[in-house]
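Dock chain one against chain two, each of which comes alone in its own frame, and use the hints as you go.
Below are the chains, spelled out letter by letter.
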Amino acid sequence: EPEVTQTPSHQVTQMGQEVILRCVPISNHLYFYWYRQILGQKVEFLVSFYNNEISEKSEIFDDQFSVERPDGSNFTLKIRSTKLEDSAMYFCASSEDLSGGHGYTFGSGTRLTVV
Amino acid sequence: SQQGEEDPQALSIQEGENATMNCSYKTSINNLQWYRQNSGRGLVHLILIRSNEREKHSGRLRVTLDTSKKSSSLLITASRAADTASYFCAPRTDKLIFGTGTRLQVFP
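The listed protein sequences derive, respectively, from chains L and Z.
Here our numbering is used: position 40 in the first sequence is 42, and no number is missing along the way.
Here our numbering is used: position 45 in the second sequence is 575, and no number is missing along the way.
Be aware that one or more of the hints could be misleading.
As the list claims (entries may be wrong) - Pairs of lysine-lysine residues, derived as DSS-like cross-links and limited to a Cα-Cα distance of at most 25 Å, are as follows:
no.	chain 1	residue 1	chain 2	residue 2
1	Z	K600	Z	K556
2	Z	K556	Z	K599
3	L	K44	Z	K556
4	L	K59	Z	K556
5	L	K44	L	K80
6	L	K44	Z	K600
7	L	K85	L	K59
8	Z	K556	Z	K586
9	L	K80	L	K59
Derived from the structure by calculation, the hints contain no laboratory data.
If we strip away everything but chain Z, and leave its shape as in the complex, we get (with noise of 0.2 Å):
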């Protein structure tokens, strides 16, 4: 198992600006996940992209998977007051290993 790195680890912009987070890991994986928790809240899954997959989209969410940088990319477009909460991403071997994530504000 193994846990991502996120960066960064703040991140404040506008409603309706798009936020980009970055996730590095360091050995193969099966697929790679992000979650969203907002404070003192359990994670929610957001989308899960396997390791033969280079991007993938989900509404307003866009995520990309490197695996030859071993790194990923969580794109939110038109953000929105609500986004705000940690991401976290999660690269899959056997059990889920959670980083510090990344601290999204967005105000309105």
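With the rest of the complex left out, here is chain L (with noise of 0.2 Å):
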């Protein structure tokens, strides 16, 4: 079965230094989408991209988040300056179509540690 894959599985970063977080989604999807889910609260939706570019995006998506489709395969989640408070589990997700009949695959996630 296709999975959506994401690396490193676990980053253990400084605070105010870069990270990026890679996710290969499944070939044939068209729409990508990255989550957080801090630990013990909810699967929050970050943003959501289609066509090399952002489709829609949370308040928490602000200035020091970007997305990227740097080739025909991988999707990557850079957060510039980490805060204390980025620490979560980062997932990445894809799906065929927008709303349509399919559900959405994740990866087993990216758990993210600022110190």
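And the structure:
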């Protein structure tokens, strides 16, 4: 079964450093998403991406965040200057369509720890 | 977009018993999806029911949808310890938004 692959599985970074979280969505999917989950809290929507541009972003997704699809397979989330409160699990997801009959496929996540 | 509200927040049962989780939402939807999350892991898509469907089955899962009441239920029959996880409903208009889920604990 096709998978969404995320790397690394765990990243520890110092406050103020830049991090890039990487995702390889399913190859025939067109819509890509990032979500995050702070320990013990809800899974929160960050951003959706289609046709090489951001479709929608939440208020969490401020100027410190950016997304990119640098080639035909990778989808990245960059946090420019990490804060302690950015510590969370970050999940990438992809789907075939926007609102039709298919679910999202999620990756296993990257646990980001900011120290 | 809207999130579903799952009920109960937590459910503990013995292996072999059935588990029923409910979901309510507020506005019209294209479809409603159920996901499972094992602790610290990614969400796994379980089943999708379209707005014109009333019931759907997949293995030990049975989902119902009542658009007039804006509610859905997920039934897991003959539960197993491996079903222990959090379960989320996601009413779909555009992007998926997740609520706090139902934490299901199945004791051997």
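So, going through the hints one by one against the coordinates:
no., hint, result
1, K600(Z) / K556(Z), "6 Å, holds"
2, K556(Z) / K599(Z), "9 Å, holds"
3, K44(L) / K556(Z), "19 Å, holds"
4, K59(L) / K556(Z), "22 Å, holds"
5, K44(L) / K80(L), "21 Å, holds"
6, K44(L) / K600(Z), "22 Å, holds"
7, K85(L) / K59(L), "19 Å, holds"
8, K556(Z) / K586(Z), "21 Å, holds"
9, K80(L) / K59(L), "14 Å, holds"
Of the numbered hints stated above, none is contradicted by the structure.
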